Amino acid sequence: LKNGFKDGTTAKRIEQVREARVLFLDDLGAEDMTPWVRDEVLGPILHYRMIQELPTFFSSNMNLDELETHLADTKNGVDRMKAKRIMERVKTLSTPYLLEGENYRKH
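Per the numbering used here, the sequence shown starts with residue 1, numbered consecutively.
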């Protein structure tokens, strides 16, 4: 998406992600969250996918409570209500599974 700012294709890129037949958001919560990303990118993508009942998968090193806290904390302060709205969409779109095992990144 960041490259889209330079060439003016941000809206088209968001639309492609939003409408993908299957979407996998990898390592959700690893990135710094800005209000714009949370409210204007992630929120609308998840809302659309929820309404259209499109398959959406997430991975995260955080549990659902930790992820909600992360989504609430931005550079501009804390907004728990908006984070809660995002998490309702995440919970509607997915079923949490705890995957445990060896961390292969250490090798």
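Since the hints were derived computationally from the structure, they do not count as laboratory data.
In this text the structure is predicted, and so the values were computed from the model without any measurement.
A couple of the hints might just be wrong.
Unchecked claim - No more than 30 Å apart at the CA atoms, straight line, and that leaves these computed lysine-lysine pairs for DSSO-like: (1) K12 with K106; (2) K82 with K106; (3) K75 with K12; (4) K82 with K12; (5) K91 with K12.
As the list claims (entries may be wrong) - Simulated restraints on C-beta separations: (6) L64 with V37: 14 to 24 Å; (7) A30 with T95: 27 to 37 Å; (8) T9 with P96: 31 to 41 Å; (9) E40 with G101: 17 to 27 Å; (10) K75 with T9: 31 to 41 Å; (11) R85 with S59: 28 to 38 Å; (12) T69 with F24: 34 to 44 Å.
Every residue, glycine too, gets a C-beta built ideally from N, C-alpha and C.
Okay, the hints, checked on the actual structure:
no. : hint                      : in the structure
1   : K12 with K106             : violated, 37 Å
2   : K82 with K106             : violated, 35 Å
3   : K75 with K12              : holds, 26 Å
4   : K82 with K12              : holds, 24 Å
5   : K91 with K12              : holds, 26 Å
6   : L64 with V37: 14 to 24 Å  : holds, 19 Å
7   : A30 with T95: 27 to 37 Å  : violated, 21 Å
8   : T9 with P96: 31 to 41 Å   : holds, 33 Å
9   : E40 with G101: 17 to 27 Å : violated, 36 Å
10  : K75 with T9: 31 to 41 Å   : violated, 25 Å
11  : R85 with S59: 28 to 38 Å  : violated, 21 Å
12  : T69 with F24: 34 to 44 Å  : violated, 23 Å
The structure fails hints 1, 2, 7, 9, 10, 11 and 12 (numbered hints given earlier, in ascending order).
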